[in-house]
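Chains Z and B, in that order, are what the protein sequence lines are.
Following the working numbering, the numbering of the first sequence begins with 1 at its first residue and continues without gaps.
Following the working numbering, the numbering of the second sequence begins with 1 at its first residue and continues without gaps.
Please note that the accuracy of each hint is not assured.
Listed below are the simulated DSBU-like cross-link pairs for lysine-lysine, each with C-alpha atoms no more than 35 Å apart in a straight line [as the list claims (entries may be wrong)]:
{"id": "1", "chain 1": "Z", "residue 1": "K301", "chain 2": "B", "residue 2": "K293"}
{"id": "2", "chain 1": "B", "residue 1": "K301", "chain 2": "Z", "residue 2": "K293"}
{"id": "3", "chain 1": "B", "residue 1": "K293", "chain 2": "Z", "residue 2": "K66"}
Hints in this document: simulated from the structure, not taken from any laboratory.
What follows is the residue order along each chain.
Protein chains: 2
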Amino acid sequence: MHVMIIGAAGMIGKKLARQICGDHSIGAKIVSRLTLVDVVAPQADTSSKIEQMCVTADLSTYGAAKRLIAGRPDVIFHLAAIVSSDAEADFEKGYLINLDGTRYLFEAIRHQSDIEPYCPKVIFTSSLAVFGVPLPDEIPDDFVLAPLSCYGTQKAIGELLLADYSRRRFLDGIALRLPTICVRPGKPNKAASGFYSSIIREPLIGEEAVLPVPRELRHWFASPRSAVGALLHAAEIDLAPLGARRSLNLPGVSASVGEQIEALRRVAGNKATTLIKEVPDAAILRIVSSWPKAFSAERAKSLGFKAEASMDEIIHAHIEDELGGALG
Amino acid sequence: MHVMIIGAAGMIGKKLARQICGDHSIGAKIVSRLTLVDVVAPQADTSSKIEQMCVTADLSTYGAAKRLIAGRPDVIFHLAAIVSSDAEADFEKGYLINLDGTRYLFEAIRHQSDIEPYCPKVIFTSSLAVFGVPLPDEIPDDFVLAPLSCYGTQKAIGELLLADYSRRRFLDGIALRLPTICVRPGKPNKAASGFYSSIIREPLIGEEAVLPVPRELRHWFASPRSAVGALLHAAEIDLAPLGARRSLNLPGVSASVGEQIEALRRVAGNKATTLIKEVPDAAILRIVSSWPKAFSAERAKSLGFKAEASMDEIIHAHIEDELGGALG
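Hey, can you work out the whole structure from these sequences and the hints?
Here's what the structure looks like:
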């Protein structure tokens, strides 16, 4: 099986590639070939037996998508996007990369059938940003698409295109609305959501973290490990039971900031939690307080998608995957 | 005020232009200039005092939209689209006209602000086709977008773009999901929905009509007069109360085919209803049985949008507007 990851140099893309290289398969199917694509050069896993090809390409030019799809991958993970704040700051670039790039990809796939029949599986990462206030405490499956950002609009349009191309059997698509990733590895960043990971990640290594919002604030999380697991599960299962509705809210953990901190205390002790400094930031609060608190995710669960059962598990996953399995 | 109608040669476009030409205003605002645009030459109303310009243009080329918007219309009615069956039959043409054409228009509007500030009101006709089964008997406002056709997908994407461009204040937009128009004037056509008008229109002039579906089938209707009224109302009101959700399900009449026929009997007598011949057609039934039965349309009603109160009123509107006010 030939697998392509577009957006392979990103945090999730790298972890996904590493998992596939380690497993040599997705479910029962052997992966013989892996094509890693990104706008910055992706890195091959030299320890893996899988034949890997690294391609530096920008999907937002039509020719690029066509060249990529000429290799007729059986499974395509489309993770490439510019992030929410960038898409809002640069209107044209956001539409070019997140909308046109996705459409060029789907069009290149459709045109491969001009040569001989072709209908690859396409796993598209969508986002909670397709939803907008007012929101219920628990968002049901099939809730109204009402994005309040360019990024959310572009992802919602990508979902609609994916569903229509799937209905017409040009591809066999699924859109996964990933929970907010926690604990995101790496350094603190300026994303409005950054503190959700920072208040766990930094104290675990003895560093201070800033909490800009009240402890009552609730949000929806999954570990990087769960996100990769969901992508692989989507590649493995039969998508026919989805019918025409190809977008799924994934399972996750609903936790308040206070519950995050209590989980940190259980895992790493009081000393860790004292490293969290409360520095209220109205601008960050305004952004994140409009975000979803929880999802029912019933359809995804019935299709076998899983996430952690608690914030404690999410923290343990981070310790295992990023800190060598134990606290220093 | 400069008003532009894109799709001015269509059935609703013509009626809208005629109404504006007769009223010389929309609400309290005088219309001094009317630009009529379509891919086939629109016709000016020579009896009107309004300065009219007829433009033959295809919105699906970027340059066309730019030239149209150079005239900086204050209100733009965007009615242009290729219909559902054509969009399904010719995948590329459907996306080119219904998606790219709409996007080129919005982009041309956005770029007018490069010259000097510009934020026209844009009234976009959307469709019930943005919804797909399973559907409740009465569809609430803010129901999930789940189209089951290329046309519905293209309209849903147009709605999302309109909302995002409105949020960013590039334009002040509203999308109206029109009920199925009944009674559509003119000759019988091959649209799956054609019989809904045909079973009223033909018997009223003493001609036979074919009914291809059972009398229990229920659907959602408004007269051409109501549709034009809704477009003008949208142009007249302040759109700020819509907030970020710029798409409205319009009020209409929910009627079964049997109720349509009983209304025809009340208006035109038994003789008219005997002209309806039942010729079951499984293909037509399969298409129309997945269509919405009714909408709550609460947001639209609260904003002052109106439709007929009954099928009887819809039939009377047809007699007044198309048959000179009385049966022959």
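Results of checking the hints against the structure:
no.	hint	in the structure
1	Z:K301 - B:K293	holds, 31 Å
2	B:K301 - Z:K293	holds, 31 Å
3	B:K293 - Z:K66	violated, 43 Å
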